[in-house]
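Number of protein chains: 2
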Amino acid sequence: MIQNDIFFADQQLELEEVEAGKLTRKIRARGGKLMMVEVFFKPGAIGYEHEHPHEQLCYCLAGEFVFTVGSEAKTLVAGDSVYVPASTLHGATCINEGRLLDIFTPQREDFIKS
Amino acid sequence: MIQNDIFFADQQLELEEVEAGKLTRKIRARGGKLMMVEVFFKPGAIGYEHEHPHEQLCYCLAGEFVFTVGSEAKTLVAGDSVYVPASTLHGATCINEGRLLDIFTPQREDFIKS
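Going line by line, the protein sequences match chains L and A.
Read left to right, the first sequence gives residues 1 to 114 (our numbering).
Read left to right, the second sequence gives residues 1001 to 1114 (our numbering).
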């Protein structure tokens, strides 16, 4: 759990399979109260609705998604972003292959391999 | 200062000039303890070394940069990311035109127009 890294080169980070053939992710820079995770979606892949006590930002890096927060759904394309309050249901469905960058505070300790 | 927005469409956000002909930025999703800011750099543009009590993540969206944290400097290209601890000197010099995505906790209230 202890890490004092500053620089996180893309090439040195593990690509984790979340759902075979559909969803992979890389945990990117993290430290203190912040963590960044990039999620790679194939068309039709779903980040199922869920909630957590962490606040979250999401930035659409590429592709097209329908993103739901609470009862509101919007289409996201590259450059669009979202704020997800703590303990609020949210999810994403991939329309065209793409990538989302999720930022959490505090860190998602459940994502970190012991 | 009060805002309860969830979705931040790229097209609806103001592009602010930071340094004429060199640096522009968009404040993207923000809320609670999180704020996301995209900075657009022309070659040779410099984000001068500075520090603040906020913790920060930085993700290189495009281009090439030399990024300095404390006494350490690294080249960043797309996909590379950085964690900047609170109250730590950091800065960026653009080598090839590009974009950095900065995330702060708490929000940079000094960036918000009253």
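Hints may contain errors.
[To be verified] For each label pair, taking beta carbons as the anchor points, the in silico distance ranges come out as:
no.: 1; chain 1: A; residue 1: 1021; chain 2: L; residue 2: 96; range: 30 to 38 Å
no.: 2; chain 1: A; residue 1: 1021; chain 2: L; residue 2: 21; range: 45 to 53 Å
no.: 3; chain 1: A; residue 1: 1086; chain 2: L; residue 2: 111; range: 16 to 24 Å
no.: 4; chain 1: A; residue 1: 1086; chain 2: L; residue 2: 20; range: 24 to 32 Å
no.: 5; chain 1: L; residue 1: 18; chain 2: A; residue 2: 1109; range: 34 to 42 Å
no.: 6; chain 1: L; residue 1: 49; chain 2: A; residue 2: 1011; range: 36 to 44 Å
[To be verified] One side only, chain A facing chain L, incomplete, derived with CB under 7 Å:
no.: 7; residue: 1008
no.: 8; residue: 1009
no.: 9; residue: 1027
no.: 10; residue: 1028
no.: 11; residue: 1032
no.: 12; residue: 1040
no.: 13; residue: 1051
no.: 14; residue: 1053
no.: 15; residue: 1082
[To be verified] DSS-like mimics (lysine-lysine), calculated; alpha carbons at most 27 Å apart, straight line:
no.: 16; chain 1: L; residue 1: 74; chain 2: L; residue 2: 22
no.: 17; chain 1: A; residue 1: 1042; chain 2: L; residue 2: 33
no.: 18; chain 1: L; residue 1: 42; chain 2: L; residue 2: 22
no.: 19; chain 1: A; residue 1: 1074; chain 2: L; residue 2: 33
no.: 20; chain 1: A; residue 1: 1026; chain 2: L; residue 2: 74
no.: 21; chain 1: A; residue 1: 1042; chain 2: A; residue 2: 1113
no.: 22; chain 1: A; residue 1: 1042; chain 2: L; residue 2: 113
no.: 23; chain 1: L; residue 1: 113; chain 2: L; residue 2: 26
no.: 24; chain 1: L; residue 1: 113; chain 2: A; residue 2: 1033
no.: 25; chain 1: L; residue 1: 33; chain 2: A; residue 2: 1022
no.: 26; chain 1: L; residue 1: 22; chain 2: L; residue 2: 113
no.: 27; chain 1: A; residue 1: 1026; chain 2: L; residue 2: 26
no.: 28; chain 1: L; residue 1: 26; chain 2: A; residue 2: 1022
no.: 29; chain 1: A; residue 1: 1022; chain 2: A; residue 2: 1113
no.: 30; chain 1: A; residue 1: 1042; chain 2: A; residue 2: 1074
no.: 31; chain 1: A; residue 1: 1033; chain 2: L; residue 2: 26
no.: 32; chain 1: A; residue 1: 1022; chain 2: A; residue 2: 1042
no.: 33; chain 1: L; residue 1: 74; chain 2: L; residue 2: 113
no.: 34; chain 1: A; residue 1: 1042; chain 2: L; residue 2: 74
no.: 35; chain 1: A; residue 1: 1074; chain 2: A; residue 2: 1026
No lab work stands behind these hints: they were computed from the structure.
Treat the numbers as computed from the prediction; the structure is a model and nothing was measured.
We treat Cβ as the ideally placed atom computed from N, Cα and C, and that holds for glycine.
Next item on the list: Any hints from earlier that this structure breaks? Give me their numbers in increasing order, please.
Entry: 4, 6, 9, 12, 13, 14, 17, 22, 25, 28, 33, 34
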